[in-house]
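Join the two chains, each given in its own frame, into one complex according to the hints.
These protein sequences, in sequence, are chains A and B.
So for the first sequence, our numbering puts the first residue at 1; every next one is plus one.
So for the second sequence, our numbering puts the first residue at 1; every next one is plus one.
Errors might be hidden in some of the hints.
[As the list claims (entries may be wrong)] Straight-line alpha carbon distances no greater than 35 Å define the calculated DSBU-like cross-link-like pairs of lysine-lysine that follow:
1) A:K145 / B:K36
2) A:K4 / A:K83
3) B:K39 / A:K145
4) A:K150 / B:K39
5) A:K89 / B:K39
6) B:K39 / A:K83
7) A:K2 / A:K89
8) A:K150 / B:K24
9) B:K24 / B:K36
10) A:K76 / B:K39
11) A:K2 / A:K145
12) A:K150 / A:K2
13) B:K36 / A:K83
Source of the hints: derived by calculation from the structure; they are not laboratory data.
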Amino acid sequence: MKNKVMSSIVMFGLCVAAVVVVLIGAFLVPLSYETAEANPTIAFMRVPVLIMGWLILACVIALLVVAFLLLLRINKGNIFEQKSVNLLKSMAVISLTPIPVLATLFFYTKANVGGSITNFWVVVGVMASVIVSIFFFLLASLFQKAVDYKNENELTI
Amino acid sequence: MAIIVNLDVELAKQKMTLTELSEKVGITLSNLSILKTGKARAIRFDTLNTICAVLQCQPGDLLEFRED
Numbered sequence: 001m002k003n004k005v006m007s008s009i010v011m012f013g014l015c016v017a018a019v020v021v022v023l024i025g026a027f028l029v030p031l032s033y034e035t036a037e038a039n040p041t042i043a044f045m046r047v048p049v050l051i052m053g054w055l056i057l058a059c060v061i062a063l064l065v066v067a068f069l070l071l072l073r074i075n076k077g078n079i080f081e082q083k084s085v086n087l088l089k090s091m092a093v094i095s096l097t098p099i100p101v102l103a104t105l106f107f108y109t110k111a112n113v114g115g116s117i118t119n120f121w122v123v124v125g126v127m128a129s130v131i132v133s134i135f136f137f138l139l140a141s142l143f144q145k146a147v148d149y150k151n152e153n154e155l156t157i
Numbered sequence: 001m002a003i004i005v006n007l008d009v010e011l012a013k014q015k016m017t018l019t020e021l022s023e024k025v026g027i028t029l030s031n032l033s034i035l036k037t038g039k040a041r042a043i044r045f046d047t048l049n050t051i052c053a054v055l056q057c058q059p060g061d062l063l064e065f066r067e068d
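Chain B extracted, bound-state conformation (with noise of 0.2 Å):
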């Protein structure tokens, strides 16, 4: 897929687990494994405003686009 997602990156930078990022936004571990997987079809508006207010970034920080 072309869009990547960079969660680890910012969970590294942010010295946090996906499972403190799940109790922290309320989102299942396994949707936010699917998420870091880059499993996911698609993200709402609101999973990613409050990623982007925990972990202390812009969507542009989480999302990346990438030619295949």
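Bound conformation, chain A alone (with noise of 0.2 Å):
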């Protein structure tokens, strides 16, 4: 019952995530025509750049929604399946995909405006999703070891 309710918090939570994450990608388009006009000489950067954001953003809801279904699953009891251990390995995957995107933007921005703070930003975005992947990876040969102990468990009569 206790887990029942602290993982209906932690549903809660995720769909609060998405929602933020949808609130930013939105805020992300008047923030542009902003930094557009403030920096005329870089304007022509504000669509690929509002494009990169946002697809960093929709990895972010990807990795929302596959923690989602982990949850959903756990709520079931089928926590320690092979099912759940292939969510939580597609999570740390999910947990690399941003990284081109985040190269490109990298790259973009160095080749187009000297010594920009987004770079920095983009960093540690990149440690971050390094981070969270090999955490993901851990998490995932754990549960990896935990199923495979349980179906030998199940298998000795």
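Structure (structure tokens):
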């Protein structure tokens, strides 16, 4: 019962996070216009950078959706199963997907704007992606071990 | 797998069904079925002991090693 309440709270948190990500995506449009107006020399970068920002947010949304699916499985009590391991592995892979976009953003900004602060945040983003991905891979391998032990236990008569 | 479980042979010798064995040894039918079909990874000594006692056989009658 306690676990169900906890996972329901986490589920609610995930939904709130998804809404926040969507709102950030919507907020990026006026922000891009403001930045383009403030810096007319780099106004041509508005659309490409906006698209890259949306792509990164799409990765975050995908991660939240997979986390939601995993929580649904936990709520049903199907925790230590191969599908949970696969979901964790896909979360790890999804965590890595923003890296090419971030790398493109890094080189695009570096080529057009000298000494931009954006590149610092891009590097931070790449680091965060890698750390989150490693965390999920570790969790997946831990779950895999648990699934193996569970299977072995079930097949010991 | 190299280890073959001859539970069906011993059951036939005793003219007993898997359901009857399940009731007598107190092991679920699904677990006995796993054992019979050779899907089991391991067998506990107490399980082997109970089955041997009920089927009046030796562990060697139930388990057999065959080269792959």
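Outcome of the hint check:
no.	hint	result
1	A:K145 / B:K36	27 Å, holds
2	A:K4 / A:K83	20 Å, holds
3	B:K39 / A:K145	20 Å, holds
4	A:K150 / B:K39	15 Å, holds
5	A:K89 / B:K39	28 Å, holds
6	B:K39 / A:K83	21 Å, holds
7	A:K2 / A:K89	27 Å, holds
8	A:K150 / B:K24	27 Å, holds
9	B:K24 / B:K36	16 Å, holds
10	A:K76 / B:K39	27 Å, holds
11	A:K2 / A:K145	26 Å, holds
12	A:K150 / A:K2	23 Å, holds
13	B:K36 / A:K83	28 Å, holds
In summary, the structure agrees with every hint in the numbered list given earlier.
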